[in-house]
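Student: Chain residues, written in single-letter form:
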Amino acid sequence: MTSKTTLPSRFLGLFSSFGLAIVLLACLFLLTIFGTLYQVDHGLHAAKERFFASWFLWTEVGGLRLPTFPAGMTCMTLLSMNMLVGGLLRLKISRRTAGIVVVHLGIAFLLLSGLVKQWTADEGHISLAEGRVAETFRSDHLWEVTVFEVTGEDSVEELVIRHGEFADLGRDQRRRFTSSELPFDLLLSNFLPSAMVQPAGAEEGGVELDGFHLMASPPDPEPGRNAAGLVVEISGGGSSGRALLWGFQVAPWTFESGGRTWAVDLRHARFKMPFQLRLEDFQKEDHPGMSMARAYRSDVTKIVGEREERIRIQMNEPLRSDGLVLFQSSWGPQDAGPAGPCTFDVAGSRVFMFGHTIREGRAVRLSNASGDWASYEERIPGTVEVRSVSAATTFYARDVTRDGFRLSLRVGGPVLPILSAGSGHILEEEPYSVFSVVRNVSDKWPEYSMWVITLGLLTVFVRKLLGFARTQGRRRAVGDNSAQGVRS
Amino acid sequence: MNYFYGLIVGMGLFLGQASGQSESSTGAGRAPWESEVLELFATLPVQDGGRIKPMDSLAGLRLLQFNGKRTLKLRDGTKLDHRAWLLDCFLFPELARTYPCFRIDNDAVLAAVGLEARAKADWYTFEELSLARQKIAAEAAGAQAADPAERSLVQTKLLNLESNLRTFEGLTLALDFTRRSLPTGGLEGIWSQSEGDLATVLEGAPGFKALWRGVPGGESASSEQQAVMRTLAEHLAEISERGRGGPVLMAPHPDSVSAERWWRVTDLIDVAFDSDLDLSAEIEVLRGLQRLEQAKADPERLRTELQALHGLLVARADARGEYRAIELEVDLYRWDPFTRALVFYLLGFLGVCFSLVAPNKGWLRKFTWGMTLGSTALLIFGIVLRCIIRQRPPVVSLYDTVLFITAGAVLMGLVTEWLTRQRIAIGLSTVLGTAGMFLAGRYELKEVASAGDTMASVVAVLDTNYYLAIHVTTITLGYAAGLLAGGLGHIWILGRLVGYRSGDREFYSGLTRMTYGVVCFGLLLSVFGTIMGGVWANDSWGRFWGWDPKENGALLICLWEIMILHARMGGYIRDRGLAVMAVLGAVVVSASWWGVNLLGVGLHSYGFTSGVVMALASFWAFEILVVLAAGVGAKREAARK
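Quick note, the sequences are listed as chains G and S, same order.
In this text, residue positions in the first sequence follow the numbering used here: the first is 1, and each later residue adds one.
In this text, residue positions in the second sequence follow the numbering used here: the first is 489, and each later residue adds one.
Hints should not be assumed to be uniformly reliable.
Stated by the list, open to error - FRET-style restraints, in silico, Cβ to Cβ: (1) S/Phe-1107 to G/Leu-159: 58 to 64 angstroms; (2) G/Leu-88 to S/Asp-635: 47 to 53 angstroms; (3) S/Arg-654 to G/Val-441: 49 to 55 angstroms.
As the list claims (entries may be wrong) - Covered stretches of chain S, going by a simulated chain G footprint (3 or more residues, C-beta under 8 angstroms): (4) 1037-1044; (5) 1051-1058.
By construction, these hints were calculated from the structure, which means they are not laboratory data.
Quick caveat, the model's predicted, so the values are computed rather than measured.
For every residue, glycine included, the Cβ atom is placed at its ideal position computed from N, Cα and C.
Using the sequences plus the hints, can you model the full thing?
Tutor: Quick look at the structure:
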């Protein structure tokens, strides 16, 4: 008697096979090895994007971008299907296989939680000095383009174009964005996730506009240190224009349209929180006689309307609230010193600055009075360039010495000229706390899956162990009997 | 039965043998230290490396760091134990500077600073090295500025040498202030004598400040007085500077206003002249230390003064709850359970070897079991003591992982042996035990050289006993199972290659069953441990999984073991394939355990290490040879058929 194998059954056979499982596991194994090694030179974020969060590993051959190996998403998706078909659908459920079914269910749930996070989660951070309030958190690697009318008022209504809507725009690719609230259309093109701006003529390549080049730069392993860039055009509404937008740009691009002044800015994506957070007190405890932190914690107040709630956030004990999880991730200043974190009084407005400014390579943080933060790195010893997140203001610190430095302000336009706004002196130290923030609906799912998988594995293992012990006992008994037989 | 009595008596003698270590004379410069003085000194509490530890530990760790051993052999052949050495550093620094306590195992290091090497590796005194002190500091500064990834071996060793020399200077200058006489003449209103010790000067600090500032309506300092005050301030600044690098010796009085922290002489001088805090409780300890210096030539008086100081410091530390484990820690190093465990594992291994020659000797089997159980008990005893001392779960540092994985692998081996009774798993247990304890001894040196202690302070993220107890222990037990499975794979492959019990199919199928069972157990532990690590990361770093190198290492073990099971279930591998994959599994475990720490990237920075590349590469090369041997064996067997 012969049985016919139909196409669906062959397909099912392939998808449920041990062979496919082993091949996919081997691929994932290799990806994990190479993805780990890749981090050494390129950083975690780049490795994650290239090896694990994409469908294929891409290689450029003769100008063509070709998929050369299945990446993490492909392997994990196929593995999930293999597991579901082979480990759940085709496996006959019995007492013997119950544990295996439970394990596969748990792993499927674990992979699902990863997928949900990958597709839906928002991640970022908040840096807060004591007494300051935050209502948004800022992404480290996602960008957004905002459009708003310059009215001179404190608050403006912004139209936001999210990272995903323009991140795929390669060289000479453009996309039109329209809104009934705008008298013009916006065209974005030439997005570069890591870019630099140089005066035209310094180097070849990139996009040239108004005497400047927007060029790709090697990405820094720390995503927060990269500045994206793109080209923006407006058309319609009786106006037209084209400009370069850069993540570290000093001010938004402004133009006239419909008799009103508009601004377009490229900045790190911000996510609004369902509550406000005020840092009341930050404490760092060192090990006795050392500068190594034993513990650090922040006492914060969660503010929802009129209601205020005091909460402590510390290492390993995050705040979980309203779908957000806030973790105590860092603090500053790392090593406060004479030229360290300080408050400046510049041209009558208080500016808060953190981090040492006189050492090469030291990150500098600066905020305006509303508590927005930005960071930049010292590129030239003794000269620190700092950009605030505030839409219209950029501060530059120059002539840095231990006692202070000159602080300059520039409003819009090209790199020159710089308007002097006064000099800064160290007035006081001010500690700040850094929280990582995640909005993830699958936050607790991995923990649930862990218990399910462990239960399944324990069931399988105990069952096998007991069987093994019984078999060994029988074998020994047979061995003893035969030995006695030989003796008798 | 008699055999077991003999065994217990023998072990007891061995255990007791080293507990009565005595201090030897240096042969020059001073009388031998009395054993009572050494005992009192050993249990003095001291703050070092972020924790309060016994002086015994400080002495042992520092000597281990410089010398590679806890005892010092002088050039005249006499031996000095670590406590005597540290006492000499404190009280006879000139003598201590002539001790050859710096091991330099690469003559290129000396050549780089213009010193002549006596041999490729030798011991040098501080005096000898101080001839090139400035050059060493300059070269070390250059090495420090270089990219760590591009530092040469000589540069790395120069950095270590510079660090060791600075630490030694800190030790020899710790009681430098007790040998100083400070000029106080011309300030009769404050001090009656023309010279005074530091304690006396600090007691007069309020008067000094008042005179210096000038009391409103009162007398201000004359120009002569101002000159004396400036000279005194310079002396104090020098004492303060010289006392900056040493251990922190002064426990605060629990009731004093300055009770928050332990005191260095540097802090004391700063606070005495910069604040109005009452420091009389701290000055009391200072006086005790000064009296120690004055009594050092008179053994009887020294004992009395040390007893008094010991009583004072112990009472203070005890009142702060800091003396809780001091004596236990002294005992831990005195009993030295890990070295003893190594010896017993070796004896157990010899027992296994002899039982291969004489398999029917029942007493030999008992001897092997006794040695293996005894050594494992010692190992676990040592681990438990470390847990009690630190009030932490067993695995906190990389050194802990070596101890814990060894204990875990041996215990799993013994359970497997108990189930199978084939004398395979117990043999392997003795090999793993010996290798593990040898590795622990070697890595202890490295950890002490880099962190200064094997019970060093931990970073804030590790300040959670819940996750340390569950995640870290489970994941390291997973490593242990992976290594045990790899060991069983070795026996299968090498046994078949050399034709050991070649006709005994049951022997090899038994080995396969064991390997499979251990892989299953390893997978259970690794999967739970890995996911638990993710749960911890979710609470501390804000994400369950971040593809961090250490996480990836754990994932690699899980993936590999899942592949083994699926390949076995799918019929893609048989007995030999299982053995080969188990051996490669040991490679994956070693990569996860040590390899990813060498990359120096990721959030698990507290686990970073260096200097194990050669050892790891050698292990991997050996494992590849074993896998190749499996191929040769398969080919040979196929040809025979």
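Student: For each hint given before, does the structure comply? Return the numbers of the non-compliant ones in rising order.
Tutor: Failing hints: none at all.
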